[in-house]
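Just so you know, the sequences run in chain order A and B. First residue of the first sequence: 6, per the numbering used here; consecutive thereafter. First residue of the second sequence: 9, per the numbering used here; consecutive thereafter.
Possibly wrong hints are sitting among the right ones.
[Stated by the list, open to error] Straight-line Cα separation of at most 27 Å, DSS-like style, residue types lysine-lysine; simulated pairs:
#: 1; chain 1: A; residue 1: 72; chain 2: B; residue 2: 10
#: 2; chain 1: B; residue 1: 10; chain 2: A; residue 2: 74
#: 3; chain 1: A; residue 1: 103; chain 2: A; residue 2: 308
#: 4; chain 1: A; residue 1: 358; chain 2: A; residue 2: 427
#: 5; chain 1: A; residue 1: 242; chain 2: A; residue 2: 310
#: 6; chain 1: A; residue 1: 447; chain 2: A; residue 2: 308
[Said to hold, decoys possible] A short list of chain A residues far from chain B (calculated; beta carbon distances all over 12 Å):
#: 7; residue: 133
#: 8; residue: 589
#: 9; residue: 615
#: 10; residue: 664
#: 11; residue: 726
Simulated from the structure, these hints should not be mistaken for lab results. All residues carry an ideal CB built from backbone N, CA and C; glycine is no exception.
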Amino acid sequence: MNAPVPGLKPTTYIGQDVPRPNAKRLLAGRGQYVDDIRLPRELHAAFVRSPHAHAKIVHLNLDAARKAKGVFWCGSGVDVARAVSPWVGVLTHFKGLKSAPQYAVALERATWQGEAVAVVVAQTRAQAEDAAQLVEVDYDPLPAVTNMETALDPATPVIHADLGDNLAFTRGVDTGGVQDVFAGAHLVVEDTFRFGRHTGVCLEPRAITADFNPSEQQLTVYLGNQAPHMMRDIFAKHLDLPESHVRVISRDVGGSFGIKVHVYPDEMAIAGIAKLLGRPIRYLADRLESFSTDIHAREHLVKAKLATDKDGRILAFELDDLTGIGPYSVYPRTSAVEGNQVVNLTGGPYDFKHYLANLKVVFQNKTPTCQYRAVGHPIAVAVTEGLVDLAAQKLRLDPAEFRRRNLIADDNYPYTSASGLKFEALSHHACLDKLLKLMDYKGLRAEQQALRAKGIHRGIGLAALIEVTNPSALFYGVGGARISAQDGCTLRLEPTGWVTALTGVTEQGQGTEGMIAQVVASAVGIPVEHVRVITGDTDVTPYGGGTWASRAAGIGGEAALMAGHTLKANILALAAAILTRDAAGLDLRAAQIVDAATGEVLLPLAEAARIGQYRPDTLPRAFQPELTVSRQYGQRDWPFVFTNGIQASYVEVDTDTGFVKLLKHWMVEDCGTIINPLLVDEQLRGGIAQGIGGALFEECLYDDTGQLLNATMADYLVPMAAEMPDMVIGHVCTPTKSSELGAKGAGEAGTAGAPAAVMNAINDALSTLSARVTEQPFTPERILRALGKV
Amino acid sequence: MKAPSFAYERAESLARACALLHQHAGNARILAGGQSLIPALNLRLSQPDLLIDISQLNELRHITVTATELVVGALTRHADIERSADVKRLFPVLTQAAAQIAHPAIRNRGTMGGSIALADPAAEWPAATLALDMSLTLASERGERRVPADSFFKGIYETGMAQDEMLKSIHIPLPAAGTRSAFGELTRRSGDYAITGAFVTARKSGATLSATRIAFFGVAGQPLLARGAMAALDGTTGDAAAVARAQACLAADLDPIADLYNTPATKLHLSRVLLARLVAQLA
Ligand SMILES: Cc1cc2nc3c(=O)[nH]c(=O)nc-3n(C[C@H](O)[C@H](O)[C@H](O)COP(=O)(O)OP(=O)(O)OC[C@H]3O[C@@H](n4cnc5c(N)ncnc54)[C@H](O)[C@@H]3O)c2cc1C
């Protein structure tokens with residue numbers, strides 16, 4: 006097959022740096038975000054939001070607002086509840102997880118600062134906001150539960166009396182005999198790690214336009230979202246409509262990072278009001294609302310221990326994780342997942358047997374938290390890697406050498422971790438070796454030493470990681486969540502020989518469309534420019550989960566590959582009928598039907614497609630061309646398919662100011678088959694930037710009464726280009742055997758490991774000053790405190 | 009977020025702007041570069057009845073050198089100052105400071121007068137007016153008056169400007185021979201408002217410093233002259249002992265207030281570090 010042939014050779018786009026086709030359109034300002042779609046007779050909504058973290062709504066007076074200019078409708082929680090039924094964010098596989106019924110607009114009580122208590126619908130957004138200021142709300146402030154450390158104290162008020170206490174969820178892992186292992190260990194290190202609450206800041210805020218057509222009882226929702234089919238199911242259920250009467254369209258989405266995969270009460274309210282009024286209603290969260298109502302994440306307090314033997318082999322981990330999730334567990338994925346992931350992932354890259362973990366998830370009167378890019382990973386990785394570096398330091402072992410002794414051996418797979426995770430095949434050692442070479446680890450250490458003599462404090466931090474990708478139904482489906490664990494791809498051969506691909510996975514700026522086009526073009530045998538990809542429309546695209554948990558390439562890509570193979574076989578059958586040759590001797594390459602053996606061009610694909618569509622009368626009577634195909638794929642071999650990798654950070658700490666300068670960052674990772682290196686590398690870089698955000702800059706600051714103090718882009722510090730280091734990316738490729746494509750996810754590994762790498766680098770820089778920081782973000786003040794300077 | 013509705017007029021002359029300010033005393037706002045006012049309107053922190061747009065008043069956009077001073081029109085953009093050869097030659101600290109104000113897009117619109125009139129305690133220009141001993145010309149229907157910057161700033165966003173007055177121009181005395189100056193600030197991200205920042209100027213004869221002026225921003229409710237530290241450095245060579253004494257004075261000089269991310273103690277510590285670094289630059 007690989008013998009030199011005179012004619013066309015098979016080509017593939019898998020592994021090629023194909024520029025994403027939508028980049029040009031988006032750069033040209035021709036994106037179709039929700040706010041770009043205008044419907045006749047649409048109205049604009051503005052919400053009245055609670056200024057209190059916890060308050061009883063004693064009285065709500067909408068009279069003045071109703072009379073304001075341009076106002077069409079005003080409603081309270083009770084009014085909206087006529088159209089939208091409440092929900093409870095629990096799933097059965099999180100045993101004991103509890104939450105209270107949540108309404109689209111608060112009924113009697115506001116439970117966080119920013120929760121909607123009333124809504125105004127007017128001709129323009131400005132009028133709606135003017136009228137919203139006229140809504141009179143008489144609040145009776147209640148004590149706010151803000152500190153998660155005291156949330157379970159008997160003296161602390163219980164947020165939802167019906168639930169009995171503020172404990173939402175708890176989970177333990179005990180492999181047995183762990184205390185004995187710690188008691189007998191050569192070395193035990195322990196530390197406490199704090200993680201600041203932060204949020205994923207999307208360039209395009211959450212946006213919805215809901216249009217209800219009473220004559221057909223049809224709801225169409227334009228929504229900036231990652232999982233349109235999930236949202237269709239939810240709108241149908243809570244607005245009491247048949248699922249087929251709901252269409253969710255998510256065209257261009259300006260960033261999501263997990264933020265846009267949850268049920269937001271204000272979005273549910275908009276859909277409900279559209280149904281009540283029979284008119285299109287538009288709502289766009291402004292930046293202030295984004296900060297106080299987009300899900301937050303990562304508020305954790307972790308106490309952890311690590312035991313080693315005298316050779317520096319890890320014997321055991323112990324973990325105590327406390328996390329605060331706001332007043333409700335978010336629907337439908339629940340707010341138990343992040344803590345659960347911390348428990349699952351801690352120690353993940355390492356070979357050890359004994360593990361004791363305890364998770365407590367508590368309610369608070371702050372913005373609800375839920376899954377945000379790399380859910381739980383940054384916490385688990387920081388805790389693990391922080392302890393690993395501490396152990397290495399105590400044993401006077403080089404951190405790279407310590408890792409070499411403990412990372413799961415590359416030939417030791419399949420492997421089941423102490424927490425019960427199953428790994429198909431990882432490449433920690435190959436990644437470590439490659440990383441050390443890429444960064445010239447020895448040279449860097451020498452430079453660090455030399456500069457230390459001059460009073461310059463530089464540090465090197467390593468962080469090994471695993472990333473949950475390509476989830477099976479075990480993630481959500483088994484717990485009763487109606488979130489598809491598979492995805493489909495439909496391919497339609499156009500009469501021109503071009504292919505239209507409809508996929509269940511979605512695009513939020515990461516290049517999903519480009520990736521699908523590459524896979525389809527490769528599988529079918531056509532130029533990538535001949536593939537047009539359609540995503541994000543539940544009336545059109547195959548049913549599927551959408552894009553989250555780094556599943557788009559691994560799941561959606563595999564479905565596209567299978568559909569591509571099938572379409573190609575069907576095209577060859579058609580060509581065989583036209584050419585009266587055996588299909589087995591034909592191939593499709595560069596949009597030409599060729600002799601598979603010689604590559605000789607026999608027939609243009611466009612000609613075959615033309616005949617297939619317009620002149621089937623010329624084909625044998627018994628032959629029907631099948632020019633539209635669909636295939637579906639759900640990953641069923643493993644609960645999750647893991648990506649692995651390792652990062653390194655090189656920093657300089659100004660010990661007078663506590664400022665950290667990021668000098669360089671490296672990452673080597675293994676996401677199996679790389680479909681598009683350009684896209685993968687940029688996913689990693691963007692992920693690293695977001696991880697650095699958490700490590701150095703981002704934190705949602707609250708006062709004791711539950712007021713969010715920094716809900717603007719001036720006060721909440723997102724990482725920006727000027728502060729980002731150069732990032733060097735390398736790869737090791739271990740394709741997963743769970744699919745033909747072999748692709749694993751790459752969307753979250755950057756975020757998962759960057760905070761740990763930066764933390765370890767800072768602590769390495771501070772090590773000769775016996776200072777250490779473990780509270781993220783590592784602000785100048787926290788570093789100065791560790792240094793005893795303030 | 010949408011701004012509440014307001015009336016708008018583009019003033020065709022300084023006189024017209026002053027007349028409108030007079031008519032609507034207290035309920036009108038000057039719109040210059042809009043880089044602070046428009047966000048405040050959109051956040052509904054400010055709800056004026058009328059915006060008087062002076063952005064087309066080119067008579068207020070100039071940088072002029074006279075025999076005794078550099079005059080900067082209130083509408084001069086941050087970017088104009090950043091790029092001015094005269095400013096760079098006479099007051100390189102202003103060139104440096106301009107480059108630290110926000111980001112290029114904001115500097116292209118934001119004005120020096122707007123920044124001084126707003127009196128944001130974390131802004132660069134108000135502190136510069138103190139360090140360089142500037143004076144300000146205020147205009148109103150009642151005529152013009154010139155006030156020293158020293159007595160202009162009264163508190164957070166508070167100045168000595170009357171409701172019917174506007175800032176017309178900024179006057180910077182030309183530096184005496186031997187003047188050295190330094191500027192610096194500490195920000196977590198480039199373009200952010202500073203945790204602390206300062207301008208230091210002094211006359212140097214031989215190695216000895218005199219007429220030292222140190223103005224801090226970002227630490228208190230208004231830009232401040234660090235008078236104790238100034239005195240501690242005057243007559244010294246800026247040696248380690250003098251710097252240490254000046255640093256010690258900052259506690260009383262600045263009495264910092266906390267910001268979102270920094271306690272007063274941190275702000276004081278950082279101000280001391282910054283002061284030492286800037287004095288070293290005077291050499
Ligand atoms: C993201 C961002 C970052 C920023 N970072 C910084 C920074 O690091 N440092 C910094 O100093 N600034 C910063 N700014 C503010 C910026 O410099 C503004 O341009 C400046 O503070 C105000 O100038 P303006 O011309 O835009 O004034 P406007 O916004 O038009 O007006 C501000 C106020 O001054 C009044 N005013 C304006 N001109 C006059 C006048 N001639 N007479 C009387 N009153 C007048 C207005 O009525 C209004 O109350 C930032 C702004 C943004 C948006």
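Now for the hints, and whether the structure bears them out:
1. Using a Cα cut-off of 27 Å, the hinted pair residue 72 (chain A) and residue 10 (chain B) holds, with the two alpha carbons roughly 20 Å apart.
2. Between the alpha carbons of residue 10 (chain B) and residue 74 (chain A) the distance comes to roughly 15 Å, so the proposed pair stays at or under 27 Å and holds.
3. Distance restraint check for residue 103 (chain A) and residue 308 (chain A): the Cα-Cα separation of roughly 24 Å lies within the 27 Å cut-off, and the hinted pair is therefore satisfied.
4. This hinted pair checks out: residue 358 (chain A) and residue 427 (chain A) have alpha carbons roughly 14 Å apart, not beyond 27 Å.
5. A threshold of 27 Å between alpha carbons decides the hint, and for residue 242 (chain A) with residue 310 (chain A) the separation of about 45 Å lies outside it, so the pair is violated.
6. Distance check on the hinted pair: residue 447 (chain A) and residue 308 (chain A) sit about 33 Å apart at the alpha-carbon level, beyond 27 Å; violated.
7. With a minimum CB-CB distance of about 9 Å to chain B, residue 133 (chain A) fails to clear the 12 Å threshold, and the non-interface call is violated.
8. For residue 589 (chain A), the shortest C-beta to C-beta distance to chain B comes to about 62 Å, beyond the 12 Å cut-off, and the non-interface label holds.
9. Every C-beta of chain B lies more than 12 Å from that of residue 615 (chain A), the closest at about 52 Å, which supports listing it as non-interface.
10. Not every C-beta of chain B lies more than 12 Å from that of residue 664 (chain A), the closest at about 7 Å, which undercuts listing it as non-interface.
11. Look at residue 726 (chain A): its CB is around 9 Å from the nearest CB on chain B, not clear of 12 Å, so calling it non-interface is violated.
The structure is inconsistent with the numbered hints 5, 6, 7, 10 and 11, although it conforms to all the rest.
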